[in-house]
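Asks: From these two lone chains plus the hints, build me the complex, please.
Chains as they are written, first to last, in the numbering used here: chain U, 1 to 203; chain P, 1 to 103.
Honestly, the hints are just simulated from the structure, not real lab data. Please note that a few of the clues may not be correct.
[What the hints assert, rightly or not] Simulated DEER-style distance windows between Cβ atoms:
1. Leu-85(P) with Ala-68(U): 41 to 51 Å
2. Glu-5(U) with Glu-32(P): 45 to 55 Å
3. Ala-10(P) with Lys-147(U): 38 to 48 Å
4. Ser-84(U) with Pro-36(P): 12 to 22 Å
5. Lys-63(U) with Arg-23(P): 38 to 48 Å
6. Met-86(P) with Ser-162(U): 55 to 65 Å
7. Trp-60(P) with Lys-147(U): 46 to 56 Å
[Claimed, not checked] Reference excerpt, derived from the structure (chain P facing chain U, CB under 8 Å, subset only):
8. Arg-23
9. Glu-32
10. Leu-51
Idealized CB from N, CA, C, for every residue including glycine.
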Amino acid sequence: MDISEDRERVARILAGDIDAFSEVVERWQTPLVNLAFRYTRDEGLAEELAQDAFLKIYRNLGKWRGDAKFSTWLFAVAINVFRSWCRRRKLPTIPLGALDLPAAGGDTAALVEERDLGERVREAVLALPPRYRDALILFYFHEMDVKRAAETLGVAEGTLKSHLHRGRKMLADRLPRAAVRPSDGTEPGPWTGSIEFSSLSGS
Amino acid sequence: MDRIDRILLAERELTPSSDFASRVMESVHAEEGPPPIPFPWLPFALGFVALPALLLAALWFGQPLWAGLLDADVVDPRLLWGLALMAASVLAGLWSFQLVSGD
Chain U
1 MDISEDRERV ARILAGDIDA FSEVVERWQT PLVNLAFRYT RDEGLAEELA QDAFLKIYRN
61 LGKWRGDAKF STWLFAVAIN VFRSWCRRRK LPTIPLGALD LPAAGGDTAA LVEERDLGER
121 VREAVLALPP RYRDALILFY FHEMDVKRAA ETLGVAEGTL KSHLHRGRKM LADRLPRAAV
181 RPSDGTEPGP WTGSIEFSSL SGS
Chain P
1 MDRIDRILLA ERELTPSSDF ASRVMESVHA EEGPPPIPFP WLPFALGFVA LPALLLAALW
61 FGQPLWAGLL DADVVDPRLL WGLALMAASV LAGLWSFQLV SGD
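This is chain P alone, in the form it adopts within the complex (with noise of 0.2 Å):
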């Protein structure tokens, strides 16, 4: 051990002031509320790719069935379209449910 070696390892070891834990305390509790729970961006990310592709798939490869439904030739696609994004929405706004209350 050199002398650069004794002087940075002897340092003086200070006492914190008796107030310094309820000082902190104080602080925190001035916080609204306890600390936020970080945003699930992994799943988020998982979610927004998967579910449009599944949903163009459903619509991809179910397109016979749509046009059976309705009696068509062929599928307007503004209606799948419009169908699509409905559903989009509805399941969005159940996931979004789900995360806010963290079941």
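Isolated chain U (complex conformation) (with noise of 0.2 Å):
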């Protein structure tokens, strides 16, 4: 969507078309919605999260002064909707020791065992600090685009990739040496830190 088209419709609403803002619930509701669900593990509680996030979204509108793209500032907006209520909640820390993982195999049993370990995997992501957990979250997200999460959250690139080191660094500390068994069954060495970021285009 062009940003001068944004700039029109935000301009509507301004001036009292409030129908307008339909567009922008229709355009972003997916995302948003997703993008909570990462938050919360809970599909109505990540919808009444989007709600919340698009009445500020609303509130805002005037804030946004059109020099970044719509898209960069709707979801800093939706973020900081999501950290408060993470703050309120107080989500307990979850022992990251306990997650018992099982080798990667091809067996009915163990695909299900998979999925639940992929759950309390992002669980684990939502046990961490803030920083980390954002850092995490929108990379994911964005489907390990650096570049647009880092305008999202409003950081350097450099910041970013130092908070998604240390984040994922703490998962895999914690992990079983069984966790990152690479896929051709050798023995996994001790995690080196590394990351390669790949700069996909983003949606």
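Replies: Right, here's the structure in full:
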């Protein structure tokens, strides 16, 4: 969507055409609900939180100066809503040492365990310190696009990479060595801490 | 891409419920009026500083003129302050009307 179209739409809404905001909701409801889900891990709560985010976006529309992409500003406002929710909820720290990770396998039981493992890892991300948590969530939400994630969080790319590195290290340090078993079945070595960032084109 | 990447990248995609958008618009319509336009703090701050500075400068450099108009050797400072405050009030009021009217 063209930035001039966004500017024109925002101008109409600020001028009193409230129904024009439904175009913003229709366009961004799926990404916002999905981003909220990454924080809540609950579908119902994700919709509630996304609704709160849209309301805050509406109230603060006058603050979008039109110099940055509308999507970047929209996600930044939403992230603040989700962060506030996390602070109010005082999410408990999950003992990462309790994660008992199976080796990668092909049978049904292993696949079910793998799915369960995935959910536990995602919950473990939520237990990280906020700056590492947000960095990881936004990085993977934006399909590993460092630039977009950094813009949304309002930090430099170097800062984001640093937060990603530390967040992933905290996750990996607490996971059993089996968690990072390479797919060829060889024994994993210690996690080197190096991350290759790919800049895929974001949506 | 390691296992953590694959796990965190493979998030299932939710579809918002069919009435999500209408619920959002209901809450938006419940707000009173369109979203507020932020107060123009920078122009306000500049004016707040510039206006009294200009007035004081006009009073200081125009002192001989005031003295002549009032037919006195020395102008009573209280009179000058009074005139300055009146002028500032008038200007502030005019500027407020301008801000509100959006011109």
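Asks: Are the hints correct? Go through all of them and say.
Replies: Each hint tested on the structure:
| no. | hint | result |
| --- | --- | --- |
| 1 | Leu-85(P) with Ala-68(U): 41 to 51 Å | holds, 43 Å |
| 2 | Glu-5(U) with Glu-32(P): 45 to 55 Å | violated, 27 Å |
| 3 | Ala-10(P) with Lys-147(U): 38 to 48 Å | violated, 22 Å |
| 4 | Ser-84(U) with Pro-36(P): 12 to 22 Å | holds, 20 Å |
| 5 | Lys-63(U) with Arg-23(P): 38 to 48 Å | violated, 24 Å |
| 6 | Met-86(P) with Ser-162(U): 55 to 65 Å | holds, 59 Å |
| 7 | Trp-60(P) with Lys-147(U): 46 to 56 Å | holds, 55 Å |
| 8 | Arg-23 | holds, 6 Å |
| 9 | Glu-32 | violated, 11 Å |
| 10 | Leu-51 | violated, 26 Å |
Hint compliance for this structure: hints 2, 3, 5, 9, 10 are broken, all remaining hints hold.
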